[in-house]
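Chains F and X, in that order, give the protein sequences. Counting along the first sequence from 1, when you hit position 136 you're at 136 in the working numbering, and nothing is skipped either side. Position in the second sequence (first residue = 1) + 1000 = the working numbering.
Treat the hints as calculated values from the structure; they're not laboratory data. We put the CB at the ideal spot given by N, CA and C, even for glycine. A hint or two may mislead.
Okay, the calculated bits of chain F under chain X, using three or more residues with CB under 8 Å as the criterion [unchecked claim]:
1. 5–14
2. 21–32
3. 35–43
4. 46–52
The primary structure of each chain is shown beneath.
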Amino acid sequence: MLAYSAGTLPEAFNLIVATHLSMCDTCRADAQAYDAVGGALIDHGPTAMTAGALEKALSGLDSAAPAVAAAPMTRSALPEPLQSYVGGDLDSIRWRPVGMGVKQAILRTSKGATARLLRIPAGAAMPDHGHNGKEMTLVIQGAFQDEDAYFARGDVEIADSNVQHVPVADIHEDCICLAVTDAPLRFIGLLPRIWQRFARI
Amino acid sequence: MIRVRDSRDKEAFTELFVHFAPRIKGYLMKSGANATLAEECAQDVMTTLWRKAEQFDPTRASLATWVFTIARNRRIDMLRRDRRPEPEELPWGPEPEPEQSHVLEIQQESARLVEAIAGLPENQRSLIEQAYFGELTQAEIADITGLPLGTIKSRIRLSLDRLRHAMK
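Next comes chain X alone, as it looks inside the complex (with noise of 0.2 Å):
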């Protein structure tokens, strides 16, 4: 992505494309889109990476957290025609030199986070997943699953402890 930011190098963004563009689809294939309108949105998506890649900080977010913030408010834009307001920028201060030492922090977190979430016992990942994918409130998941929807929502704070657990 640094490549692609500073040089504008399209080998590195054919590596990102592979790498993404599928995973972009199946999210929102996932969230309810057709295979039609998700490949469509995801073409987009690309898009506003490679146009917006001078707004991405390695030290604030991983890549695939901001891929997916880009993502998601695509697929808002898509898909209900929302606004969806963001919060303004906080300014930091004069920005130090970006520490690698963050950057590879970051990095690893996010792996971690992959992986604590792939060691979720099934029920609580399908549960997050649903919250995060499936358009659901906590009140209809507990309709489909039939769990109280006091369950549900310890349920998913578990979950979620359990994630911040993992990568402490």
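Bound conformation, chain F alone (with noise of 0.2 Å):
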């Protein structure tokens, strides 16, 4: 969180961040107090700005447009920092199957971290799996379990190179879920293995 307020996340965990923050008022409590504390310590360490700024600033305000408001809220089942990586709503994602039910359709992002939608079918599990580096996974619509917990719309799990596990679907409806890893992921079969060369995974 304090990454995201500070900026140094790679854009992939942004995106996560900020779907997860329209879902949730708790932590978006949190992240406007990191905001502060970002307002407060810039207060540290002024540095002057050169002769005739200020000038060279008053003169630009007349030719400079008001700013847009942010577009209003939109009814949908995907947040909107979403929407505009998918270019639109559930069924405007370009679904690719990449076995055993389970599709995928990965978003376009810099470097440095990969985020994907999943959608796994109702009742349907993950191959075993655990992490090279870490994985955020938030749950968009449906639900699922691993070992540990139960995860809803909403929720966020996240998974470093300790965690191995087998995340289940929820029988009522399919998962979908946005994920974002650094690392490739490291599958326990051999199968998902090879596979998983074909799938970026």
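Dock chain to chain to rebuild the complex, using the hints, since each chain is given by itself in its own frame.
Here is the structure:
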């Protein structure tokens, strides 16, 4: 959260944090607290502007168009930060099968971390896997559980290289998640490992 | 700021510029921008302040916080060319008249936060500054300072807890 506020995260992690904040008021309040710390910190160590800077700024004001306020909320299952990456709502996601009924859609973000949407059929399991880096998974629709806990819409699971798990989608509906990783997953079975090369998981 | 927002007062803008522009520039230079880029970027941020003035809501954040978020987003645009997704606006229901007492409360809180940060022991303050400004991950801070990652994490948490405590 501090890194999101400080603006030092890779884009894909920013996306998952922003999406979660759209769904969770408690964390939104936390984020605002972190921003306030940032605001207080800039009070230290000002650096003088060059001569004429003020005049230059003033002369530009009249031609500066007023900013348009943020687009109003739309009713959608997808929180806004995701909509702009998907280019629309849930039905505009271009799913590609990755095997065993699971589908994914990779989102375009900068290097450093990968963001993908996953769709796991109701009741189905992802192959047993571990992590080479950090993985954050946010539930957008449905729910899933692994050995440790149950995650519903808006919940985020944070897994690192110590976590080895088999996520299983809840039986009520297909589970759609936003998953962000900064390193490839580590599958246990041989087949998933081979398939991994092709599916870019 | 309210004068800038409601009556497009350039004199008020000048005061804001004199106060904030050097602070924005300082912040950007601490995050690794050179003086020219930082100056240009600070100019941009001040213009954005003017353009977005209408969106400033003193009941939700102090001015310094708002300026920080604009400067931070500008910095990401400039230094990294990454997008930074923002959470969607929540519908808060019909807006009540902003309560003066609430505005005052946020202002006082911000002032106390500045004091609280100044009151932190030197090593804690520098850690928080590095985390915010230095483009450093906690792991990188651990490398530089030679302290174990767990120590860095608990120190940052401790400092933030202290701030939180000082704010109560």
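**Request:** Closer than 8 Å, Cβ to Cβ, for at least three residues: run that test on the segment 35–43 of chain F against chain X and report holds or violated.
**Result:** That given contact holds, which follows from 9 residues of the segment 35–43 of chain F lying within Cβ reach (below 8 Å) of chain X.
**Message:** Taking 8 Å as the Cβ threshold, is the statement that the segment 21–32 of chain F is covered by chain X upheld or broken by the three-residue rule?
**Reply:** As far as the segment 21–32 of chain F goes, the hint holds, because 6 residues have Cβ atoms under 8 Å from chain X.
**Coverage of the segment 5–14 of chain F by chain X, judged on three or more residues with CB within 8 Å** = holds (count 7)
**Asked** Are there three or more residues in the segment 46–52 of chain F whose C-beta lies closer than 8 Å to some C-beta of chain X?
**Response** holds (count 5)
Of the numbered hints listed earlier, not one is contradicted by the structure.
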